[in-house]
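Number of protein chains: 2
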Amino acid sequence: MDMAMRRAASSAVRALTASSGVNSFNRHLSSAPESKKIVGVFYKANEYASKNPNFVGCVENALGIRDWLESQGHKYIVTDDKEGANCELEKHIPDLHVLITTPFHPAYVTAERIKRAKNLQLLLTAGIGSDHIDLKAAAEAGLTVAEVTGSNVVSVAEDELMRILILVRNFLPGYHQVINGDWNVAGIAYRAYDLEGKTVGTVGAGRIGRLLLQRLKPFNCNLLYHDRLKISPELEKETGAKFEEDLDKMLAKCDIIVVNTPLTEKTWGMFNKERISKLKKGVLIVNNARGAIMDTQAVADACASGHIAGYSGDVWYPQPAPKDHPWRYMPNQAMTPHISGTTIDAQLRYAAGVKDMLDRYFKGDDFPEQHYIVRKGELASQYR
Amino acid sequence: MDMAMRRAASSAVRALTASSGVNSFNRHLSSAPESKKIVGVFYKANEYASKNPNFVGCVENALGIRDWLESQGHKYIVTDDKEGANCELEKHIPDLHVLITTPFHPAYVTAERIKRAKNLQLLLTAGIGSDHIDLKAAAEAGLTVAEVTGSNVVSVAEDELMRILILVRNFLPGYHQVINGDWNVAGIAYRAYDLEGKTVGTVGAGRIGRLLLQRLKPFNCNLLYHDRLKISPELEKETGAKFEEDLDKMLAKCDIIVVNTPLTEKTWGMFNKERISKLKKGVLIVNNARGAIMDTQAVADACASGHIAGYSGDVWYPQPAPKDHPWRYMPNQAMTPHISGTTIDAQLRYAAGVKDMLDRYFKGDDFPEQHYIVRKGELASQYR
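Chains as they are written, first to last, in my numbering: chain A, 1 to 384; chain B, 385 to 768.
Isolated chain A (complex conformation) (with noise of 0.2 Å):
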């Protein structure tokens, strides 16, 4: 209790003093050489923190730019505490500057907390994939919004990779019967494939998608990919994947469906009960990308009929998933946590990148022009 009213307090001083002498309304990102509120929101891990130095995308190590951040005079508060009226995050909104959240920990950017963030100019994503972020609200408020581009993109399609490999191969089921003393290689082999000879086809082809494809080519599989654009002539030639224009026509070919699409409106719970029921039977699907853009009982119910043979993905609609959600009590499924773009590996390419755009808006210099997300009001197009 000491230490809750301890903390208003303060928080209530750091408001108090932040306001005074910041004109609330400036949003644009020509920072001037003053300090500057930077509150991150990541993942607590506890025991884990100091197993490996690395380690750095939790709340523990804090991307490792703290004594970087206050050696120039700026306030670093870092939390994971970030649901709720009296969650710690709510008591920064007011008077922070610059707010980092990751999809791994989604702190949920709404129009209503952006109107109350009056000194807000910049929301940075540790990582990939900004939808927890009210996009339309930060850009009608000038805020600029930025990713670290490419950072996840080859942990995401080698994790892509692997999950494909578990579903048509039929692991866990082994796996199963290791751990409970078992041994019954028909109980497996009945519904084990090899992914040679497969029809896989990727719904977007952008960075991942197209890595995954890469990837996927001496595995002399049939691949297929749909998207706005068209891949460069040399990587279709590389890969020998084939254009299709038409996303239902494309579905319906395809042994396995790989999600590489953002979460948009348009993409919001696309794979509903009809369009699954228009799926081969025994259709494999790995999705990392969201978890919304699924209807999560119609993957539940197709996954327990069979017309799904197996669903793989680390993404959940809502995250954390629930303890009831209806995913991970489905057959066939071989899912975890939002994790494949926060590696070791990933970890420290998003935090480079992260400590590279805070040096740049110190400094009032533009960011790499693929980072931006909403940039001057305008959302990227992948987000449109």
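All the pointers check out, no bait thrown in.
Pair ranges (Cβ atoms, derived):
1) A:K51 - B:N430: 40 to 46 Å
2) B:A636 - A:K355: 32 to 38 Å
3) B:A688 - A:G142: 52 to 58 Å
4) A:K51 - B:A469: 49 to 55 Å
5) B:G534 - A:P318: 46 to 52 Å
6) A:G181 - B:T648: 27 to 33 Å
7) B:E618 - A:K230: 27 to 33 Å
8) A:P331 - B:N430: 15 to 21 Å
Covered stretches of chain A (in silico footprint by chain B; criterion: 3 or more residues with CB under 8 Å from a CB of chain B, positions within the stretch not fixed):
9) 35-46
10) 53-59
11) 154-161
12) 193-204
13) 329-337
Quick caveat, the hints were computed from the structure, so don't treat them as lab data.
Every residue gets a Cβ at the ideal spot worked out from N, C-alpha and C, and that includes glycine.
Fit chain B to the known structure of chain A by using the hints.
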């Protein structure tokens, strides 16, 4: 009881019939156009046998060659009962001409069994890996031993890449969280890595090792291989893999070791306590070759200490793995029963290969050269 009695009786009748017309000492492959007794030992599928029409590798579906064999007047006995003096296989040892076995449910063909199999001419392995056969004794007895070379190579190479990714990306702790109702990204992320940039070495670069190197290529790893012979300059260039003449020097460099060498007297127990102690701390090991290449307890101890950070494979010693096999209980294992070469696709390939060799045998024709393991008293080079 009744059933067992009848079976024993009919077996005795068959033994009598068969031994009357055939020269017991004719061990050569020049097969006269006569009725042969062919015995197949496969795993039982029970309720799974009818779930997939292409599931031909089990006892019930018997490689899908029963009608073909019987229409030509041959006898075809199929069983999974292969151990002990009173097993079904034992009843047929005295008079069978051809024995078809599989590494997934190995019937051990000992010198003693070979001695008693007076009519035996041909040992066919449905799949790859004939170390369950006493090859020396088979050679001395003038038998022919052949596998369906190539039938499983794609399957096993794919499976190895899956296991590499499962270990390096730390998949299983995340999966356990999902099924246990938990959500703790940090508990996974602190030891999850990308495959990109890691040093991967294969011990053995035969057909499977080479296919693995090709599939690893787009992951941008540092690829090493050790074998008696170098791979072709073209393949070295294509994969970027570097030859390492000294096994232990290569192993000390590896973040990930993959075993792709057959089990021989030389490789039996090659990963013992001493060799493991010289590996990088935190090394990952994938072994789909043979369980006995590892010292079972040394691997379990190194997983417990963390020296080996992850171990995955589908091969055990012995097989089936007993309920108290230490690998079932060691930390950071991603094991399955022996499954990688018996996907539905692989089953169709090795069933077709066995049928083709039987057809050639009946006609007195040679097999494709690469299928021979023992021919005219000589072992194939990889088994010497």
